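When you get a sec, could you build the whole thing from the sequences and use the hints?
Line by line, the protein sequences are chains A and B.
Take 1 as the starting number for the first sequence in the numbering used here and just add one per residue.
Take 302 as the starting number for the second sequence in the numbering used here and just add one per residue.
Since the hints were made in silico from the structure, they are not lab data.
These numbers come from a predicted model, not from an experiment.
Heads up, some of the hints might be wrong.
What the hints assert, rightly or not - Pairwise CB distance ranges, derived in the manner of DEER restraints:
no. : chain 1 : residue 1 : chain 2 : residue 2 : range
1   : B       : H378      : A       : T181      : 36 to 44 Å
2   : B       : P353      : A       : E128      : 55 to 63 Å
3   : B       : S349      : A       : Q155      : 33 to 41 Å
4   : A       : Q155      : B       : T309      : 42 to 50 Å
5   : B       : R315      : A       : F197      : 29 to 37 Å
6   : B       : S349      : A       : S229      : 55 to 63 Å
7   : B       : N524      : A       : D232      : 25 to 33 Å
8   : A       : S229      : B       : R326      : 46 to 54 Å
9   : B       : L369      : A       : I156      : 31 to 39 Å
As the list claims (entries may be wrong) - Below, a sample of chain B positions facing chain A; criterion: calculated Cβ distance under 10 Å:
no. : residue
10  : R326
11  : G379
12  : T380
Even glycine gets a Cβ: it sits at the ideal position worked out from N, Cα and C.
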Amino acid sequence: MCGVGGVFFKTAEHHRKTGEIAYHVLDGIYRRGPDSTGLAFVQPAAEDRLYVGINCEEPGGGGRALALLDELGRVESATDGAGFIRATIRYGGDDAALVDAIDALGPAYSVASIGHRLEVLKHLGGVENLEDRFAITDYDGPMAMGLTRYATESQIDFTHGQPLSARLHRDLAIMHNGHITNFHHLRYHYERAGYTFATGNDSEVIAVALVDEMGKGASFREALERSVSILDGCFTYIAVTADEVGVVKDPYAAKPLVVGETERLVAVSSDCWSLRDGVGEDIEVWEPGAGEVVTWRLPTH
Amino acid sequence: MAASNSLTIDCAGRPTRAINDEIRRAADEGVPVVELLNPQARHNLGVSVLKPIHVVYRGHVGSYAAGLCDGITAEIHGTAGWGVADNLMNGEVVVYGNAATSAAPSIRGGRVVVRGDAGPRSGMILKKGELIVGGNAGYMSGFMMQNGRMVVCGDADTGLGDSMYQGVIFLGGKARELGSGLHEVDAENGELDEVGALLDRFEIKAPKSFRKLRSDQKLWHFNKHDFAAWKDVL
Chain A
1 MCGVGGVFFK
11 TAEHHRKTGE
21 IAYHVLDGIY
31 RRGPDSTGLA
41 FVQPAAEDRL
51 YVGINCEEPG
61 GGGRALALLD
71 ELGRVESATD
81 GAGFIRATIR
91 YGGDDAALVD
101 AIDALGPAYS
111 VASIGHRLEV
121 LKHLGGVENL
131 EDRFAITDYD
141 GPMAMGLTRY
151 ATESQIDFTH
161 GQPLSARLHR
171 DLAIMHNGHI
181 TNFHHLRYHY
191 ERAGYTFATG
201 NDSEVIAVAL
211 VDEMGKGASF
221 REALERSVSI
231 LDGCFTYIAV
241 TADEVGVVKD
251 PYAAKPLVVG
261 ETERLVAVSS
271 DCWSLRDGVG
281 EDIEVWEPGA
291 GEVVTWRLPT
301 H
Chain B
302 MAASNSLTID
312 CAGRPTRAIN
322 DEIRRAADEG
332 VPVVELLNPQ
342 ARHNLGVSVL
352 KPIHVVYRGH
362 VGSYAAGLCD
372 GITAEIHGTA
382 GWGVADNLMN
392 GEVVVYGNAA
402 TSAAPSIRGG
412 RVVVRGDAGP
422 RSGMILKKGE
432 LIVGGNAGYM
442 SGFMMQNGRM
452 VVCGDADTGL
462 GDSMYQGVIF
472 LGGKARELGS
482 GLHEVDAENG
492 ELDEVGALLD
502 RFEIKAPKSF
512 RKLRSDQKLW
522 HFNKHDFAAW
532 KDVL
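Here it is as structure tokens:
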């Protein structure tokens, strides 16, 4: 069991900060996933700017990762969140060189995500730990979607927390509640096709499947639709890019997810009260059906 | 002690167990009506009440509201989470909004009314009693129904009534696909009038007509000559 949820605004004006809404949505689904909490945000773009999230399982090891980032590019801002490093850097080089260099620091280090506009933050425990380290409630950008994790098939640490990305692929993250039963089969297939997996979490294969389908020419929505038949098991997942948000339910509708949409915003959550508590309004909610895919394009303003 | 006419419980800030204990105590003492304020979509509100009482939920409820109850009546003025009125033995539960997955699962008697839409697997393993859905019903509604009656005024998603044993489904709209082992039969005299009268009572707009669906009983016994039919099941 995990909880997924978050919000994006259609309007430039926000009645409540995006980060505050996400905080309350995730706090409301804490009991669905007390092991770790994570969020994906859309941040402002700038030339050569890269939002980098690094899993650092070695206590006190954040300094090494930050020093390396300083060598590779120019660090605009960085926070050592004790286990997870949040950094914004100016980097004009090759993504693979950056990711490989961080991985080369040792098995305790890995890249959680890289994004030109999408940023991922993770921490152990509830959303208050995420707030303590990264002040997420200050965020007031267009989108914040997250997950509270209840680990079932892989270990509880920063690396296996969600949102998860496909290694080396910018600006895509997934948050998955459920389990993928054909994970090993799919992983074998994708590894033979040249993909590298960064974690042992079955959910990572969703991100890889989406990247693979989009690489074959599918749109974001088409990739999500195809994933319903590629993946086996129970899944309700949220997928985000810098431009789009999608939710997907497995063909058995085994995991909950409610959607609330107003003229101002779209909020989703595993639990309707967490959703309403988050947006601070008693909005109408509905539940997508079996095998249903719903996508939205983020506004450009 | 003379029972007062009604009891109002403000759920805000109170533990669910204390609220449920208070409802049960009120039912034991013969209080006719209990009103719950600020349910805030909390789970398990009003479960296991085994004596008659009328429960009014003023707001949205979470999962398993009015679950494991016997002989109660309830009105939910909001949306209901998963498994509303789970395993109801007798009584009547009316949801004025929508209901999430598995509305009225395995009820053994009484009536559950969802005036809005019901999610996937609504009325699954219905054993007796009835589920009325004013709007649409989700995927695999009526799955493995064992008896009782389900009325869906709107459309049904795929797998309607899949593998049902007995009981009937009245469908007002279209089914995206009927489940395995289901076929259409003619309604008996007066049956549709009875359904119509029930819908009137709950102020649900009746569809133009109903199709009556029930098990064709082919899945009751395994027959290797029907293997093709079995391959489609599950």
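With a cut-off of 10 Å on the beta carbons, see whether R326 (chain B) makes it to chain A.
At 26 Å from the nearest chain A Cβ, R326 (chain B) fails the 10 Å test, so the hint is violated.
Please check whether G379 (chain B) passes as an interface residue: C-beta within 10 Å of a C-beta belonging to chain A.
holds, 8 Å
Between L369 (chain B) and I156 (chain A), does the beta-carbon spacing fit 31 to 39 Å?
holds, 34 Å
Range hint 25 to 33 Å: satisfied by the CB atoms of N524 (chain B) and D232 (chain A)?
Once the Cβ atoms are compared, 30 Å apart, the range 25 to 33 Å for D232 (chain A) and N524 (chain B) holds.
Range hint 55 to 63 Å: satisfied by the CB atoms of S349 (chain B) and S229 (chain A)?
The hint (55 to 63 Å, Cβ to Cβ) is violated, given that S349 (chain B) and S229 (chain A) are roughly 41 Å apart.
Lying within 33 to 41 Å: is that true of the beta-carbon distance S349 (chain B) to Q155 (chain A)?
holds, 38 Å
Interface hint outcome for T380 (chain B) [beta carbon to chain A under 10 Å]
holds, 6 Å
Cβ distance range 42 to 50 Å for Q155 (chain A) and T309 (chain B), holds or violated
holds, 48 Å
36 to 44 Å as the expected CB spacing between T181 (chain A) and H378 (chain B), which holds or is violated:
holds, 40 Å
Note whether the CB distance of R315 (chain B) and F197 (chain A) lies within 29 to 37 Å or breaks it.
Distance hint for R315 (chain B), F197 (chain A) is violated at roughly 47 Å.
Honestly, do S229 (chain A) and R326 (chain B) meet the 46 to 54 Å range at C-beta?
holds, 52 Å
For P353 (chain B) and E128 (chain A), compare the CB-CB distance with the range 55 to 63 Å and indicate the outcome.
For P353 (chain B) and E128 (chain A) the Cβ distance comes to about 44 Å; the hint is violated.
Going down the numbered hints, you'll see the structure goes against 2, 5, 6 and 10, while the others check out.
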